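There are 2 protein chains.
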Amino acid sequence: MQTDEAVLNREALLDEKCINTIRFLAVDMVQNAKSGHPGTPMGAATMAYVLWDRFLKYHPRNPTWADRDRFILSPGHASALLYSLLYLTGYDLSLDDLKQFRQWGSKTPGHPEYHVTPGVETTTGPLGQGFTNGVGMALAERWLATHYNRPGHDIINHYTYAIVSDGDMQEGVTSEAASLAGTLRLGKLIYLYDDNDVQLSGPTNVAFSENVARRFDAYGWQVIGPLNGFDEHAIDAAIKEAQAETERPSLIICKTVIGYGSPAQATAKVHGEPLGEAGVRAAKETLGWPLEPTFYVPDDALAHMRKAVERGSEVEEDWNRRFEAYRRDNPTEAGELQAGLRGELPAGWDEGLEDFFPPDSKPMATRNASGEVLNALVKRIHALTGGSADVSPSTKTTLVGYGDFGWQDYCGHNIHFGVREHAMGAIVGGMALHGGMIPYAATFLTFSDYMRPPMRLAALMGIRVIYLFTHDSIGMGQDGPTHQPIEQLMSLRTIPHLTVIRPADATEAAEAWRAALLNNDGPTALVMTRQNVPVLDRTVYPSAAGLQRGGYILWENAVTAEPQVILVGTGSEVHIALEAGKQLAAEGIHVRVISLPSWELFDRQPADYRERIFPPHVRARVAVEAGITLGWEHYVGLDGAVVGMHGFGASAPAEVLYEQFGITAEHVAQEAKGLLQREPRGKTP
Amino acid sequence: MQTDEAVLNREALLDEKCINTIRFLAVDMVQNAKSGHPGTPMGAATMAYVLWDRFLKYHPRNPTWADRDRFILSPGHASALLYSLLYLTGYDLSLDDLKQFRQWGSKTPGHPEYHVTPGVETTTGPLGQGFTNGVGMALAERWLATHYNRPGHDIINHYTYAIVSDGDMQEGVTSEAASLAGTLRLGKLIYLYDDNDVQLSGPTNVAFSENVARRFDAYGWQVIGPLNGFDEHAIDAAIKEAQAETERPSLIICKTVIGYGSPAQATAKVHGEPLGEAGVRAAKETLGWPLEPTFYVPDDALAHMRKAVERGSEVEEDWNRRFEAYRRDNPTEAGELQAGLRGELPAGWDEGLEDFFPPDSKPMATRNASGEVLNALVKRIHALTGGSADVSPSTKTTLVGYGDFGWQDYCGHNIHFGVREHAMGAIVGGMALHGGMIPYAATFLTFSDYMRPPMRLAALMGIRVIYLFTHDSIGMGQDGPTHQPIEQLMSLRTIPHLTVIRPADATEAAEAWRAALLNNDGPTALVMTRQNVPVLDRTVYPSAAGLQRGGYILWENAVTAEPQVILVGTGSEVHIALEAGKQLAAEGIHVRVISLPSWELFDRQPADYRERIFPPHVRARVAVEAGITLGWEHYVGLDGAVVGMHGFGASAPAEVLYEQFGITAEHVAQEAKGLLQREPRGKTP
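Line by line, the protein sequences are chains A and B.
With the first sequence counted from 1, adding 7 to any position gets you our numbering.
With the second sequence counted from 1, adding 7 to any position gets you our numbering.
Bound conformation, chain A alone:
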């Protein structure tokens, strides 16, 4: 019979073997690809192993099981670490996949990508984003748990874990998110900080000498450590301590050595380049690892780690049983929760949207129209939840009667992100990734600049997040050029897979919300005015439902003949185009006016629709939009004209600005007449 000590020793040896398996799979992946980042996987293998082997709740055969713990590798450049874990624990990832690291079409791209690799909860790489996504996931967990759990039915109850890095700690978005997580008391957020004192350019302290522990304490986090990041027992105890703290998020500071075991360990050399053959050999020798074969996986290590499948299966089956009991007692809630987790919208959710604003509505800002629609929608779509970066009264995004989300009431629908646009963007991304919520985030259009990185990631991941941007042009008036978006609208249009919609009036605003909710595989940016605009009488003009095709003919005086000139605008400038069109019509010119609220929706239409709206041979086209003109040639070409902004705005009342910058019906009409009189210049090929 073995002594207890012998058992312990054998277990410790097996643990060490598993850790080295993780470590050297990562090293071999990078070396094999001749590209990648070996340093962090080598340093963080121990903490990752302890977490995945002893704490993390997951089922490798069903990576999207609802109540799993979420795990984020915020320093996405350490992707090889994650792929090792996913392979060893039994996700649908083979050793061959690991050998295809960083190759075209592989399941193991350079940075972890959501939807590409099973088990990857979010796409990471741009630093700080993963850290912040996790805050959104933990927020979603609290919200769903509070809404759906019932006494005796603990249906939603999981942790959100992440490994975070020195680089994450330096990014401002992390600070924003950490401060908010502390304020919201997200006690089930547990982050392991890989504190290795080295970054790409060299030692961390050249640029970063702050006391991270004290800083997170200031945010209201529990800070554990610094502890030895190679000491399994210390990590184990720390995670238990973190779990025991239910009110404060926890940061576990693990001191590690980047590139642990390599001759160049603890230097920037091991950050972002393969170790090289000699380096790999030296590291394996140092840590007592066989030099051959590469991608060596000891049978007992694999067998031990693959127990995750059995563990996961049991825990999921247990949950399934508990969920069935919950469903029996709470059929409505269970149905709503499951539909929400699947991202489904309830039947009839958009009924009547087309008649939301009657024909005789008084002029209103589209931000106000948006606010009314949003408040109607939340009554039908419980998952719809969001907030603003301290501008809810201005963006009209308060859900009246739906409470404020906070530690006093995790049921609230209104999230106060504070003046933290960047974190807001990444937090709503985390909420969408978690599932069960359809999040929106609001600020002024100018400040969309603060949150481009998470918007880009949402577009890359194809998740349904709704950004609401108000104060969408010089029409916001006297706050002046710092607050007047000029280039933002066009620059949002340049982001692939982001749908941008700028409605012309209240009726289009309602349709814009419909389009945003229907867009369930990508983010949508809704762009709204601060100033009042007329509500188009849809008994006179065609239905605003034309917005669903991106653009439509709003008015023309030449239904039989072809138009001589096309005027096209978006948002508040559609009314200018319309007025110009009527002026031209009064002069006997055949004119067509197009409302083009969404370029992305329009460009997705079949060619025959697009060519019906913009007949290819009608080249006298004038676009009008109170934003930068660059980009409009996409529709008006080299022979058209664009009435818009050529520089920054100014501080003055909106109507003065429109006049001074020449964004007027008169100017549009004049440009149109100029085109009609101009000599042909182009020789088409």
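Just so you know, these hints were derived from the structure itself, not from any lab.
Quick caveat: nothing in here was measured; it's all calculated off a predicted structure.
One thing to keep in mind: the hints can contain errors.
In the DSSO-like style, the derived pairs of lysine-lysine whose C-alpha atoms are separated by at most 27 angstroms in a straight line are [unchecked claim]:
id : chain 1 : residue 1 : chain 2 : residue 2
1  : A       : Lys369    : B       : Lys41
2  : A       : Lys369    : A       : Lys64
3  : A       : Lys41     : B       : Lys369
If you want the footprint, here are the derived chain A segments under chain B, 3+ residues with CB under 8 angstroms [said to hold, decoys possible]:
id : stretch
4  : 388-402
5  : 490-499
6  : 645-657
Where is the CB? At the ideal position from N, CA and C, for every residue including glycine.
Using the hints provided, position chain B relative to the given structure of chain A.
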């Protein structure tokens, strides 16, 4: 004879009168404009008065005097506070100007604007930016002082002050900047924090419950307070304490009441709207201020505050005398410093740039070429200083032999910003605003998204900042879509007044640096490859100096006849265009290949030049760029074609990606032939 106490009482009364003058001028400005933010001026008037009356070193008649203290109002929405101060202390701003608050063409726009109002050191409004600009100014002060001061000659020696707000504290960029300021031990940075517990949406604690004092302590700042922000003596003592601390930046926490004196004080109601007539009256009554006239300025208050002119004149004259003594002892340094402060480049600074890379140079990445040029330039241009967001080895921006900037050596030219792109952008802005430095900031092009807000402000202010963005396309390879810029190039082009330059090879890279340095009234973004590209032999091809005009004909096979087709590209894709051109030429097609490194420089050329390059009637045009295609219609119109990206990239070796995404010479040639065969579709007007 009066007792001392009576004198003190009289002085205290006069101080109070001055403070109320500042306060109510701001209130009346907002009320008169029917727009603006009265709350912060009312709450922060005391701290502003104490600073400006007793500490700040400035000369209202010479607002740009070199060694003045810098003052920043980071919550720019409180602009009325600053305008009151500027008027009362004798800057070139009249009472009538205050009455034109927020009107077209006035000197008192909604937010303080650099270059519009004398005495405004930087444009503020977007929160966190002013806070961070100040770090750049304090950094510049240390750098210049260390380089130019000599024993007995303390020529550069001033403080950088700011008033900062709750909103600033929540922005991530502030966290980044504060952490770096602590690391760099910028002891002459003194910020007064207007801690009033209220923000736009309501009470601050809904979103912000952290311990700010502890957080700043963690960054390595001296934290003073919280103190009563209406207690002049406490503020006075705190600023003295801050000045006495020479190693740590200081944060003075002043508890104030937003909208102090108004019936709605301490609520969000007074944040961003005029008080209304009744509110103004009540506030004036509460604080014992005459109701009439509006814009009331007591003679003794004005006389007292206008003493700033005399004080300023004396202190500047003293400095002028000291500078002359310095010049006698150190004529070279004095000349260099003054030229630097004027933003002048030394004679001969760009000599030989055109021959920097010989015709037989081996293929090289433009980032490498850029690094070589930069290192040559710094030997001639001492003011050239900068760094990267932890990617100097990758962006090739290390100035070899020029030391690292840090508290151990403020002489260093290499600034380590850490993984803090956003703060980096705003800090280099502050350096440029300070004067005496030509700063650059480097990161990967994708991460330009993290720093758009300060880039926009630099463009709005028209300051010379150079951004260097490398890894400029899918050509960066295996790091995958998170790191591959797609939309960034085009979206940078949408920013007004920002010059974007993407050189095709090493020779254009040298010219790009020349253009960036010559662009002294706006920022420039230089965009460089990670991968090698051929160096164009300029004995065969026209001079790379064509870059200075934005675009030029690189090659054509039809010098007498007109081209049938035009191929145009930027950066690494110019070589693809060239190869395609030669393929087409081999088939007997008359083709022109254009290198178009900078749209902004090109569009600024006279029409005859532009039409010489792009003859208007030649419409068979193919653009090629490894970025989003949207926007290229600006040059190729509706009848051309664009070979580029339509979605995000992928993780694979660069050459595989170019092939897979079809950005190849074959594809370009095929598109060109397609255009030549196509039926004419357009009917030009």
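Verification of the supplied hints:
1. Lys369/A - Lys41/B: 23 angstroms, holds
2. Lys369/A - Lys64/A: At roughly 55 angstroms apart (the allowed maximum being 27 angstroms), Lys64/A and Lys369/A break the hint.
3. Lys41/A - Lys369/B: Satisfied, since the Cα-Cα distance of roughly 23 angstroms is no more than 27 angstroms.
4. 388-402: Per the Cβ count (6), the hint holds.
5. 490-499: holds (count 5)
6. 645-657: This one holds; 7 residues, not fewer than the three required, reach chain B with a Cβ under 8 angstroms.
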